[in-house]
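Chains as they are written, first to last, in this note's numbering: chain A, 1 to 288; chain B, 1001 to 1413.
Since the hints were made in silico from the structure, they are not lab data. Any given hint might turn out to be false.
Stated by the list, open to error - For lysine to any residue, the following SDA-like pairs were computed, each having C-alpha atoms within a straight-line distance of at most 20 Å:
#1 B/1345 with B/1359
#2 B/1179 with B/1405
#3 B/1318 with A/115
#4 B/1320 with A/115
#5 B/1282 with A/62
#6 A/131 with B/1264
#7 B/1286 with A/126
#8 B/1077 with B/1349
#9 A/131 with B/1286
#10 B/1085 with A/114
#11 B/1320 with A/117
#12 B/1190 with A/226
#13 B/1264 with A/133
#14 B/1282 with A/133
#15 B/1282 with A/119
#16 B/1320 with A/130
#17 B/1085 with B/1102
#18 B/1309 with B/1059
#19 B/1318 with A/130
#20 B/1286 with A/124
#21 A/131 with A/226
#22 B/1081 with B/1126
#23 B/1264 with A/130
#24 B/1190 with A/272
#25 B/1320 with A/281
#26 B/1264 with A/2
#27 A/131 with B/1263
#28 B/1318 with B/1304
#29 B/1320 with A/116
#30 B/1190 with A/271
#31 B/1223 with A/271
#32 B/1223 with A/119
Chain by chain, the residues:
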Amino acid sequence: MDTTIFLQLIVSGLLIGFVFSLIAVGLTLIWGVMDILNFAHGDFLMLAMFSSFLMFANLGLDPLLSLPIVVALLFMVGLLTFRWVIRPVLGYPGLIALLATFGLSIFIRNLVLFFVGPNYRVINQSILAGKNFSILGLHFSLSQTMSAIGCVLITSAVYLLIARTKFGRSLRATSLDKDTALLMGINTNRVFALTFGLGAACVGFAGGMLSNFYPIFPEVGLNFAIMSFVIVALGGFGNISGAFLAGIFVGLVENVGGFLIGPEFKYTLVFVLYLIVISIRPKGLFGW
Amino acid sequence: MKRSLVLFFGLILLLGFSPAVHAADPIEIALLYPLTGPLADPGSRAKAACDVAAEIINGSYDLPGIPFAKTQGIPNKGGAKIVLKYYDTQGSPEVGKAETERLLQEGKAKLIIGAYQSSVTKPSSFVAERQKFPYLCAESSSAALTERGLKYFFRVAPTDYHDTVMFFQFLDDMKKEGKKVSKIAMVYEKTEFGFHANEEVKKAVAKSNGAYQIVADIPYEFKATDVNAEVLKVKAAQPDVVLHATQFSEMMLFAKAYESLGVKVPANLSFCGGYQNPVFAKELGKTVENYMGSCTFAEDFIAKKAQLKVLNDMFKAKVKSNLDGVAMEALTAVFVAADAFNRAKDLSPDAVRDALATTELQIATLPGKGVKFDESGQNIWIDSTMSQVVGGDYKVVWPAEWATAKTVWPMKP
Chain A
1 MDTTIFLQLI
11 VSGLLIGFVF
21 SLIAVGLTLI
31 WGVMDILNFA
41 HGDFLMLAMF
51 SSFLMFANLG
61 LDPLLSLPIV
71 VALLFMVGLL
81 TFRWVIRPVL
91 GYPGLIALLA
101 TFGLSIFIRN
111 LVLFFVGPNY
121 RVINQSILAG
131 KNFSILGLHF
141 SLSQTMSAIG
151 CVLITSAVYL
161 LIARTKFGRS
171 LRATSLDKDT
181 ALLMGINTNR
191 VFALTFGLGA
201 ACVGFAGGML
211 SNFYPIFPEV
221 GLNFAIMSFV
231 IVALGGFGNI
241 SGAFLAGIFV
251 GLVENVGGFL
261 IGPEFKYTLV
271 FVLYLIVISI
281 RPKGLFGW
Chain B
1001 MKRSLVLFFG
1011 LILLLGFSPA
1021 VHAADPIEIA
1031 LLYPLTGPLA
1041 DPGSRAKAAC
1051 DVAAEIINGS
1061 YDLPGIPFAK
1071 TQGIPNKGGA
1081 KIVLKYYDTQ
1091 GSPEVGKAET
1101 ERLLQEGKAK
1111 LIIGAYQSSV
1121 TKPSSFVAER
1131 QKFPYLCAES
1141 SSAALTERGL
1151 KYFFRVAPTD
1161 YHDTVMFFQF
1171 LDDMKKEGKK
1181 VSKIAMVYEK
1191 TEFGFHANEE
1201 VKKAVAKSNG
1211 AYQIVADIPY
1221 EFKATDVNAE
1231 VLKVKAAQPD
1241 VVLHATQFSE
1251 MMLFAKAYES
1261 LGVKVPANLS
1271 FCGGYQNPVF
1281 AKELGKTVEN
1291 YMGSCTFAED
1301 FIAKKAQLKV
1311 LNDMFKAKVK
1321 SNLDGVAMEA
1331 LTAVFVAADA
1341 FNRAKDLSPD
1351 AVRDALATTE
1361 LQIATLPGKG
1371 VKFDESGQNI
1381 WIDSTMSQVV
1391 GGDYKVVWPA
1401 EWATAKTVWP
1411 MKP
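In isolation and in its complexed conformation, chain B is listed as follows (with noise of 0.2 Å):
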């Protein structure tokens, strides 16, 4: 009996001990989304595509040009799975910001991943930075997040920079191509996405040497229950392309606007923002047919890489909805946390930072090579491209690489 226990036992600390049958500790990511709120939609859109991400990493997949998908887990780690826990912001900075203090306080996630808008992402990143922990922006556009000198601090996304030249430079191609553009009205809420996109835009126009003016200078109130006045100033200023930094409500109501109250603009370009929802193309139909926008994820890269398809449908079996720009962008960070965790000496803030920032990830899930930062932690590996509505689905129509479409300009009326 004496002898059973004592091998009993035995092997229950050989059991423990070993490290081929001890499991690795799951790898906690902390998840900043407005989960609740005027923007539970995108949150909701980011969340379903993370998981997409941490079921491929943590299961066995074959899919040619995504790391960590063959492998199970992350396999320097001893294959630890990856565990995401989501917190609400409720779309506002305070709960953002709050709900960045009680993560860190629980001392349980090795990252945070958020937080979809830049106003969000702001405070909740300095809180992080205070106390020296990795922050991965997945989606914010605001360039100034990357301006702020912060040492934890990465993003993953193209910044509202980034569409701002791919907007001039696709807008001087127009110009090539002997369309009339010069005049440019400016439609843009009044947060830190809007006033960034629209002061990205001012510096672009000056740059241009009198190519470009801006006839238009239109702020509004961000959820705005009407919106026919700024839509009569667009009319009244008759420019020849309207641009965007707007969200989804909005969008629509602008939308709806410009089509009852008769004004017609050669072309309407969009910040990534509300156009990007793929609800607005599909339900919106002819109101807003030809709508162009910036986009690093559309239905037509499936057909330039397959292994999309896969994500996709993935995506649509959670939310009913292909994947969009925004949600390609989250499951992309999940990606690049892997590969952090992976690479990091140990999951230590200041080893998963020291990883973060030697990242060189390529992934063929967004335009571009993949996700490697510069010194201000801005991913300088990704494109962005123009999409263009066309009967109810987004065609890339910009840049000739990425293109599936020609352009339609003037929009049909």
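If we strip away everything but chain A, and leave its shape as in the complex, we get (with noise of 0.2 Å):
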């Protein structure tokens, strides 16, 4: 195989994968702290890129510049789901939170079908739209680099946050025994709350970005979902840095693997690769 071609394989896998793992670090975040598993994580994704997309369509607003409201306004979606979604199934059987979620996801995607419509959007006049540029012979879009970068920054700080600051202890505290949490004076429902705020504010941002350069339309969100999921199961339920170092593997196996066996096997051999990482380690690549 050309070294160029391999190489060009190899960024591509990086620039994807750091995408997958911003999404699966707010899925794993969640997971880890409150053992739910949000189904509805692909559609608040989806609901970024179409905040993003309303912002620009309607106030021309570039969707690097609308990225905080988008963050935020994905923040506040999480608040809420936490407020009037979970809270009320806590404390029965995870399965219950489990359906609610897979009904929200149902719900916030025949919303969106039903007030904008099926049509596909897509985001072409950006500042980091069309423009691309090589370095030594390896050739990177503008906007899909900005995103990698961007996901590993706002990574990076989850991880800070939850490492090294006090709110982190909290939700760690919390995620590891929320009645002690409890005793021990940390107001776990807040906890919830800013964890699912936060989880969703990470998907936000990878929205936000991907408006950038893929097409925009309520199902979006399914596709990166499922990917998600088998990311986060990769590396760890709730393990972050896992997440992020299941998600680069993903983005690698898909180019490589998917160039060498075929493109037609890309999907497979993450999938193969997944069932063999579970069935040897079943808490993941990296949990504990």
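Using the supplied hints, reconstruct the complex from the two chains, each of which is provided in its own coordinate frame.
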């Protein structure tokens, strides 16, 4: 194989892998703290992409400039989801919360379909759109590169927030033992709400950046949601660095494996690896 | 008092049985389309087009070349109005099949129109066939659909076979003009549509006696999140032309990946699918400049047939974009249904089926003479044309009789 093509595959795998990582980090955060698998995660991504598009189409705001608003909006969506959908079912078997998020997913998708319609939307005149550059014969799309860099930065920030701050300690404490954390004076409901908000904000950032180079339509989140479930399981449920590394791993397998074995098998490869990993290490590559 | 009552009831009875006053029962058509799910966009466009057709048939319009426009309703059925009832397939073969069973159990529809995707049309039409119920496919392109020996299945649209024949005639013409065309890359989704498009291309290449070779055979997953590996496969193969059987979402990803990865192929040709969606040309701008594809409707056609402007305006009022080939095929199917109802001796499934089988409808909506089905149920009066994106618009570039612009080959970088 041509060396340039091989390196290009690595680069492409990394660029999409970083985006997968951030989407999965949002999901794994919620799982890690609350033991809830958020089925509406992909729909949060879609909401972020549509928010970005609507601000672009109606207010002329470039997706890069509207990004902080999109992140804040999704943070609010996360908080409200916790308040209205998750909190009422806390304390009941986990399946109830899972079904609640599943219902929320269908609700959000159909709500968008009803109000915005099924049409594909494209943002093709943004600061980043359509700009490409080359380094040593390798081609880069500016929007994908910036998205990847942004996703790495946000993932690192989330990691530091959890590892180094007081909020992070309370979050980890709640994650380890909710009842003891409550006895220690931690407002666990507040931690849960902020965790849901933070998870949604992560996917909000990824969605805002994706809107620069990805078609926007009500079902768009589903494609990413399935992949992020696999990444979370591969990386270890609740493990942020695990989700980050697993995201990169999946991006590379998709691209390099897809090229070498055949693009038609690239998702098969990802799922086969996933099955192998969970059969050897059921808690995922980095789970504990 | 008694006399007045007798007169009153007599009048009611008279009105009730008088054929002049008794309105004909509306005729219901069941339409199977993906109205939610990943293909809700083309499904909704098909729906809007069918609604336009029903408005024209039920109302009165001055549209030369469009049958049933002047009259109101179905003339031979006492002016009965057409009623469209939609069933959402969600883009899923299983749901499409279940919805077909449901609508047949309801027993109100006289005909089925559907179902956009070949993979949904296939099982749903089997259900209809089993119950000996007429099924009119508007736009599914898999050639295999009309090769199953079904008696109640008819298709308006050209197939992947017709598109493939057209592509290779076009490529032959390009060769004659001195263009270098021999190496072909085939990129297709792993669905009924993609597989059959690929089969047709392989057959055509085999028949070409070495004039063409497939240098890359690239199937990919429908609903892909990333297509860089596929595009780098194309790059490695260095083809003269890449053929796509791809829906909109992935077609956009491919176009962006070709651009960002610096892959330059002299020509990019698409089977029907994502390429035809007007958003593709309008919103992707320079990224898809000079892409080409089969098309049964382009704005250019309006210049050739003025009545199409009215149809396009009516459609545009509903979905805020121009008609495309897929929508036009759906629109035409409703007229074919109206024609069959008009000629059928009654509205029983067999009578409607027999009327469909003897269709010879001249209609100015699509390239070609109109609609006439062969024994397999395939429309043999339809032509397909080749369009190219030029400055954000689709321009018909081939064949010469329909062309309004010259082919740009190779594509502008």
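Quiz prompt | Violated hints - listed by number, lowest first | solution = 14, 16, 19, 21, 22, 25, 28
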